[in-house]
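**Q** So you can see what is in the structure, the chains are spelled out below.
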Amino acid sequence: MADHDLELKRVTKRFGSFVAVRDLSLAVEHGQFVCLLGPSGCGKTTTLRVIAGLEDADEGEVWISGVRMNDVPPWKRDIAMMFQDFALFPHMTVRKQVGFGLEMLGRPKEEIRRRVGETLATFEISPLAERKPDTLSGGQKQRVALARALITQPRILLLDEPIGSLDFSLREAVMLELKDVQRRLGVTFIWVTHDQNEALALGDRVVVMNHARIEQVGTPEAIFERPLTRFVASFIQGNNVFEGVVESVEGDCVRIRTPVGSFAVPPRDGGPPPPGANVSFSVRAALLTERPGPEQANRLPATCHAVEYLGSIRRYDLRLEDRRSIKYEQFGAQAARIREGEVVTLGWQVEDGILHAPPEGAG
Amino acid sequence: MNPRKRSLVSHVLALPSALWMLGALVIPTLFIVWVSFWTTRTFSLESPLGLLNYTKFFNRPTYVKLLADTVQQSLLLMAITVVLGYAIAYFVVMKVRQPALQLGLFLALVIPFWTSVLIRTIAWIPFLGVTGVINQALLFLRVVDEPVSVFLYSRTGITLAQVSFYTLLATGPVVYTLRNIPPSLPEAARSLKATPLRVFWRITVPLTLPGILIGQILVFLNVMADFATASAIGGNKHAFLGNIVILLYDSGQLPFASVIAVLLMLCMLGGVAALLKVVDIRRLGVP
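Chain order of the listed sequences is A and B.
Just so we're aligned, residue 1 is where the first sequence starts under this note's numbering, counting upward by one.
Just so we're aligned, residue 1 is where the second sequence starts under this note's numbering, counting upward by one.
One or more of the hints may lead you astray.
What the hints assert, rightly or not - A partial selection of chain A residues facing chain B, derived with a Cβ cut-off under 10 angstroms:
| id | residue |
| --- | --- |
| 1 | L54 |
| 2 | A149 |
| 3 | R314 |
Stated by the list, open to error - Once the Cα atoms are required to be at most 30 angstroms apart in a straight line, the calculated DSS-like pairs of lysine-lysine come out as:
| id | chain 1 | residue 1 | chain 2 | residue 2 |
| --- | --- | --- | --- | --- |
| 4 | B | K95 | A | K76 |
| 5 | B | K277 | A | K132 |
| 6 | A | K96 | B | K277 |
| 7 | B | K95 | A | K96 |
| 8 | A | K141 | A | K109 |
What the hints assert, rightly or not - Take a look, some chain A residues computed to stay more than 12 angstroms from chain B by CB distance:
| id | residue |
| --- | --- |
| 9 | A27 |
| 10 | D85 |
| 11 | E103 |
| 12 | P127 |
| 13 | Q140 |
| 14 | G276 |
| 15 | C304 |
| 16 | A335 |
| 17 | I338 |
Keep in mind that the hints were calculated from the coordinates and are not lab data.
The C-beta atom is built at its ideal place from N, Cα and C for all residues, glycine as well.
Let's have the full structure, built from the sequences with the hints guiding it.
**A** Okay, structure coming up:
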């Protein structure tokens, strides 16, 4: 347990009758980059605030570095936090701002002066030292906020949508920079975002949340390729989700009847669902083909509705018999294979289908 | 519309209020200054000008002491209302979480001010007298054995009443500036190892300084100009400069009344200038 920088044990947080976080458990090892990903209102920010001590957990426990933190106030926790609006103090110069944490820790003046100088140099903001926040650009504010948070050398840095308020053109560069800082300093990062690209690009581990619960915890690859629940499959772009009823179970294959046909899907770890159960499964848009051969046992007809060219990929929006949409992706470098209005037969291999776990509480 | 044209339009739009200010404020004030230099005792436009009235004022220790008393009373009220006003504002904005209760408390503060200052002043008399509410309460609680007369017709009574009138002036602007502080700022300070007390002194107070200052200017000006409280609650025993202006005006000594009015205005100007040195109020509302 001492290996864990952070451990949440069955944490629940309510605001009146609204449950913001429900029975959430999570363990984070030292130096990990963890992304909490989910739509707005899913409880990811509340989880972060409970870790910081800005909110008290109604039930459950928060452990940091092997010590129970439930009754420890935020200023005594070995964490720092970066806010979406950066929360820079408008009345302090950058130098004062960055030194604030050390000053609060009661460090000697000489040490504060030296370490602030070093930190300003590290984050390349020395020329801004005497400026006030309202004269800084978004990118500069972000650096100041990061320098201010990291100068006390916290064990865990909590980041609440830290690049959400930056211009789109800046984001990628800042993302890589933050990842680099995290690797270099070995600080544990808990990064809250609603942007799956951020989460998948940065996280060692991604925690997908919805409706106050964790839906799936895993590597970006696992989240991307093997969505555990219907929510994860539909939240992460590029999945086609089907709903249906289990018709039969034959060995390594579950046959599911949907409104647009009957398809074979491999069972989940932990055994196949019983015949008659309502289930959902997904298949990645990139794993479809419009020229199914003998390998692609699952097939269905579709009409091409629109083609989006996104540079690295070309995405087709097709319509099924019941007017629902299905996506199909191919590499952008290849010539377009389907024209708008064309009717094709899409197919995929049985093992590319991912059967989802039933929603929690429905079982 | 080019900037020059727009500025012309804005000047035209400002003209009516400028004319009003000129006629109702600037000219009468200049008139008072002029009258203060008259050397005749009574109203006469042909009066020769001189410093006679000013030398008379500063040669009489009674008047100089009155001036000192008035300034002292203002400083005392500022000291009390800055603490009380801030505490009330902080409680209403930061501690009361339900918006309905917040509004209710704020109304409870404001509603007494819908009545005239005269009524509010007179309303204090039944509280302060020898058989008044305060004395009865003290007797009931056995703090005193017999009624005390320190409240009515005393400086203490005047101060009590003035605190009740002017605390709201110190509260309002602080409420406004407190509301403008994004919640993430104190939270960020807490996550940077600041204890609640340090968050208060290092983050909250500096960011509400413009509000404190505006409130203090209002209190200062109002106490300096207050004559009604002193005459109603102080009886004939206590007076501030404002009371003397009335007294001299009633007895027809216009030039000398003007001298005191001018000195009062100079004190106010000096006080406001000194307070504005502390903070640039143009930054109000920009946390």
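**Q** Confirm or reject each hint.
**A** Structure-based check of each hint:
Contact between L54 (chain A) and chain B, as hinted, is supported at the beta carbon level, the nearest pair being about 5 angstroms apart and thus within 10 angstroms. Because the beta carbon of A149 (chain A) sits about 8 angstroms from the nearest beta carbon in chain B, less than 10 angstroms, this interface hint is met. At about 42 angstroms, the closest approach between the beta carbon of R314 (chain A) and any beta carbon in chain B exceeds 10 angstroms, and the interface hint on this residue is violated. Between K95 (chain B) and K76 (chain A) the alpha-carbon distance is near 22 angstroms, which keeps this suggested pair within the 30 angstroms criterion.
Between the alpha carbons of K277 (chain B) and K132 (chain A) the distance comes to roughly 20 angstroms, so the proposed pair stays at or under 30 angstroms and holds. For the suggested pair K96 (chain A) and K277 (chain B), the alpha carbons sit about 23 angstroms apart, so the restraint of at most 30 angstroms is met. A hinted pair counts as satisfied when its Cα atoms are at most 30 angstroms apart, and K95 (chain B) with K96 (chain A) qualifies at roughly 29 angstroms. In summary, the hint linking K141 (chain A) to K109 (chain A) is supported, as the alpha carbons are separated by about 25 angstroms, within the 30 angstroms threshold.
For A27 (chain A), the non-interface assignment is confirmed: its Cβ lies about 22 angstroms from the closest Cβ of chain B, beyond the 12 angstroms cut-off. Once the 12 angstroms rule is applied to beta carbons, D85 (chain A) is inconsistent with being away from chain B; the minimum gap is 6 angstroms. The beta carbon of E103 (chain A) is not kept farther than 12 angstroms from every beta carbon of chain B, the shortest such distance being approximately 9 angstroms. At roughly 23 angstroms, the least C-beta separation between P127 (chain A) and chain B is larger than 12 angstroms, which holds for a residue marked as non-interface.
Non-interface call for Q140 (chain A) relative to chain B: holds, since the shortest CB-CB distance, roughly 17 angstroms, exceeds 12 angstroms. Chain B leaves G276 (chain A) outside its interface by the beta-carbon criterion, the shortest separation being 50 angstroms against a cut-off of 12 angstroms. For C304 (chain A), the shortest C-beta to C-beta distance to chain B comes to about 48 angstroms, beyond the 12 angstroms cut-off, and the non-interface label holds. With 12 angstroms as the threshold on Cβ separation, the claim that A335 (chain A) sits away from chain B holds: the shortest Cβ distance comes to roughly 51 angstroms.
With a cut of 12 angstroms on Cβ distances, I338 (chain A) stays outside the contact zone with chain B, its closest approach being about 49 angstroms.
Hints 3, 10, 11 from the earlier list are contradicted by this structure; the remaining hints agree with it.
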